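S.K.: Protein sequences appear in the order of chains A and B.
Under numbering that gives the first Met the number 0, read the first sequence as residues 0 to 425, first letter to last.
Under numbering that gives the first Met the number 0, read the second sequence as residues 0 to 570, first letter to last.
Rather than coming from a laboratory, the hints here were simulated on the basis of the structure.
Treat each hint with caution, since some may be false.
As the list claims (entries may be wrong) - Some chain A residues flagged as far from chain B (calculated, every beta-carbon gap over 10 Å):
#1 Met107
#2 Leu147
#3 Arg200
#4 Arg270
#5 Pro404
Said to hold, decoys possible - One-sided and incomplete, this derived list gives chain B residues near chain A with beta-carbon spacing under 7 Å:
#6 Arg146
#7 Gly181
#8 His541
#9 Leu544
#10 Pro567
Since we're looking at a predicted model, the values are computed, not measured.
From the three backbone atoms N, C-alpha and C, an ideal C-beta is built for every residue, glycine too.
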Amino acid sequence: MHMLSRFVRHFTFATFAVLAAALPIRAQRLLVPMDDAQSNHLKAYGLTYYAIKSGASAEWLLNYRGGSFLLADTPELRRRAGLDGITIESVDDGKLADIRAEIASSNMESVPLEKAPKIAVYTPPDALPWDDAVTLALNYAGIPYTALYDDEVEHGDLSKYDWLHLHHEDFTGQLNKFYLSYRDAPWFIDLLQKNTAAAKRLGFANIPALKKDVAEKIREFVERGGFLFAMCGATETLELAIAGHDVDIAQSFIDGTPMDPDADKKMDWSRTFAFQNAHLEQSPFVSSMSDIDGHQVNVPGRQQPLGTFTLFNFAAKFDPVASMLVQDHRSVINDFYGVTTSFNKSVLKPGVTVLATEEGAPWVKYIHGDYGKGTWTYYGGHDPEDPRHAIGNPPTDLSLFKNSPGYRLILNNVLFPAAKKKPLKT
Amino acid sequence: MCAWVRVAATVLVLLLHSPLSTLHALQAQAPADTMAFYKALDLEAAGKYRDAAPLFRTAVHTTAAVNALLGLERVYAELGWPDSLVTLLDTLITQNPHEDTYRTVQLRTYQTLGRDADVRRAFDVWVHDAPTSATPYREYARLLLQRNQTAAADSVLARAKQSLGTTSDLSLELAQTRAAQGQWVPSAQAWRVALRSANYLEQAAAYALAPAPSSVRDSIRQTFLAPPIDVGGRRALADLESTWGSPADGWNALEDLPPDSAAADAWSEFAKQAEAEERWSIAREALESALRWRKTPDLSVRAATAALNAGDPVAAIRLAPPMQGDSATVAHDYLPLHIRALAALARPADAERLMTAYDRFLNPAEHNSLTRTIAWGWVRTGDMTRARAALAATGADGDSSDAAGWLALYDGNLKTARALLRGGTESTPELAVALGLIARLKADTARAIGHAFLALARGDSAGAASQFVAAGERTPQVRSLLFLIAARIQSATGHQPQAVALWTRIVQADSATPEAPQAELDWARALRASGNAAEAGKHLEHMILTYPESALLPQARRELELVHGAIPPNP
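Construct the complete structure from the given sequences, taking the supplied hints into account.
M.R.: Encoded structure:
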């Protein structure tokens, strides 16, 4: 099934490329290079998103100069590029023919970007955009999004969006076990009160029950064709909440009853996206959820050091989706911690596409897969430019990291649905 | 991670304090049976750990037993033999079960060996043997904190409270634990208690509380500011305010300390930091407070200098040491301060009289330097003739000085100003503006411009602004620059409508000049500061798109990102 969908996708892209090459090219284009010539990689994604949204033609030139974008040459796009300090190059017909010839003869591909995805970010209503790497990146790049949380998910609002992002939410409902260390901290008390009130308001017995239901609705969103992108602790806990839908996997400090001692055996991994056969952390005193995370940053005896991770190079013509997700001007990137930093290989389901891994390590960093009619992508860690982010640390100022290769991976995910819609429509 | 480093830093401070003092005391005694111990210390210092180990081992049976054991612990750690301590410690503890150091080393040794169950068992035995002592709890909690086992450390402290009825002897460990748990206010309360008996921990307290989020900082402030006043706690808060980026608020923590020698030390230390950062008003306040308790010439000079640099020459004269005592000392140490203050007050005649009285104690370089200062005083009175005369009196050196260059500029003599200021030793923003201006003027004289600079030097901002505008109207080749200077003066003195009128003229009438993008950026910044983000954004967009080659583009783009909320606001 997976291979078949890849074939269909490849066939569609290849067909489009042939048709595009056969059409007479009249207008001049703007090339947005994404190699080291680009002065602001992150804003370049915002420019491309704007181009798609405003109906201008846009193509993603996979593996061509770091995954460049080819846009219609309009005064407004030039104006925006000038304002944001984005490097653009004029491409005339002759140059365009050269580019297409190079793409045709190399491990490159041209992917049309057609429809700007409607983006939703699952985040508490009072969260600042600086709390989350994705909202940081979207804000900086100027890509609009809607923030939604439990009320909106429970009321069915997910169906209004194409793309959903999750960050450090704990879908097991245990509030990341912060109770262990922060139970008297005012911010934690506030968090607990708000989540408890939301659970009651929405008709659930406690926070874990609410979060498991939200996780289920997210699973259904993907199954129906949505694009899911998750980072940090949301990756691991979403899977645990889905697999543990009918099991008590929460500790007594949050729901008044201890975790089911046989919870491990009762987990239903057939419904999850990425992981299987993971073992739950049974101790309420250990700040870890399971053995999915390879780095276990909050467990002193288990914490693993940070290294670097390497992006895989995919065949752009045969696997354009994976190629889109790894477009970058660097292939080796410094790792960064999060509540969940990485994913142990031993718990990956067969068929999961590994996009980035740490050489020699038993874990991977960046994974992707299909589920129902949709797709999901997980990226471990909290903030690519704040490798040891701690609660209370100042927010990352992306104007100081406008060429961040780690943040580029996030924005690849934002644009990828614009291309993915094409095969679904045809 | 951060919590571990903080705890480690504090523990290091504690460790560094104890062995040195003990060692000095021991060397003073030096009984015969401790010779092995001293020999072992020498060998350890020479890096001969293998040779030092047996001598330390011998010395654990002498009167230097405790220090010998600590030495043995150190050298075994270097040699990777910590397991060799286990049996010895059992023996020593059996012989002397009330020696806390043996127990502490035992905990550390088990921890180093990764024998967590034995650490726990040793702790339990220690608590059993010393049921009323806080030391076992303290040592075990510290070890756990070092390993970032905050919850476990918390449990140990809770057990201490249950067993001992209080944690007053464990306030440092409690403070560290609460900080590691993010319980910032309880941590601050515990730090306050800890600092009462160990005020040298103020930096450790500030370091531990530094990550507290802004939402709880007021509560932390209230904790340290609550009566009764403790100097240690207040010093910690002052350090903390600096760490949080508001050193001015640090003074709030110290200003109401009751005057005594500890407070005077705190004020003087705080002022030292402010002086280093050139925050002269705060430095002056702190030093004035210190002077109320401890009136020394050194503090007086520092206070007067701070006042002078803060722009208050009247206070500088009041605070400066009186011109009394050894004449040479007065001439070298106090006279320059008085001369500078009198010149700033436009009292050059008084300055000249004072200098004449002490001139024989001055070397030629000091004499010339002070003469130039007096010349500056004459400039401030507007008497350029006396200013030139004063400068001429210093000879060739005075004629070729920066001051002479400025005098030439005030006089409108651009040719001389150009030559002297270019080769000068100053590097101030004012000089950069003046050099930029005269470089663009072909003429050798420009009296109107000179008068405008002179008005500025005299502190007449309003007059200077209008004179720069008037000069600009008459010299089109530098009109935009003169208008820009005037606009900045108007903006800095709160006259925004006048500043806007000038920026508008630059952007509209002199759009091809280098000042146009600068004027539009200044304009946008003023608009953003006044809350008009929409208009600020329009100007920034216009500036960026109109001047794509401007060197100011990165600054303009950052401003635009702040206007759009694309990046976090500046702290």
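S.K.: With reference to the structure, classify each hint as holding or not holding.
M.R.: Hints, verified against the model:
Every C-beta of chain B lies more than 10 Å from that of Met107 (chain A), the closest at about 31 Å, which supports listing it as non-interface. At the 10 Å boundary, the C-beta of Leu147 (chain A) stays outside the reach of chain B, the nearest C-beta of that chain being 19 Å off. For Arg200 (chain A), the non-interface assignment is confirmed: its Cβ lies about 25 Å from the closest Cβ of chain B, beyond the 10 Å cut-off. No beta-carbon of chain B comes within 10 Å of the beta-carbon of Arg270 (chain A); the shortest separation is about 33 Å.
Distance check for Pro404 (chain A) against chain B: the nearest CB is about 19 Å away, which clears 10 Å, and the non-interface claim stands. The interface hint given for Arg146 (chain B) is met, as the beta carbon of that residue sits about 6 Å from the closest beta carbon of chain A, less than 7 Å. At about 5 Å, the closest approach between the beta carbon of Gly181 (chain B) and any beta carbon in chain A falls short of 7 Å, and the interface hint on this residue holds. Given hint, His541 (chain B) at the interface with chain A, is violated; its Cβ is 10 Å from that chain's nearest Cβ, farther than 7 Å.
Checking Leu544 (chain B) against chain A by beta carbon gives a least distance of about 5 Å; that is within 7 Å, so the hint holds. A cut of 7 Å between beta carbons decides the hint on Pro567 (chain B): the least distance to chain A is about 4 Å, and the hint holds.
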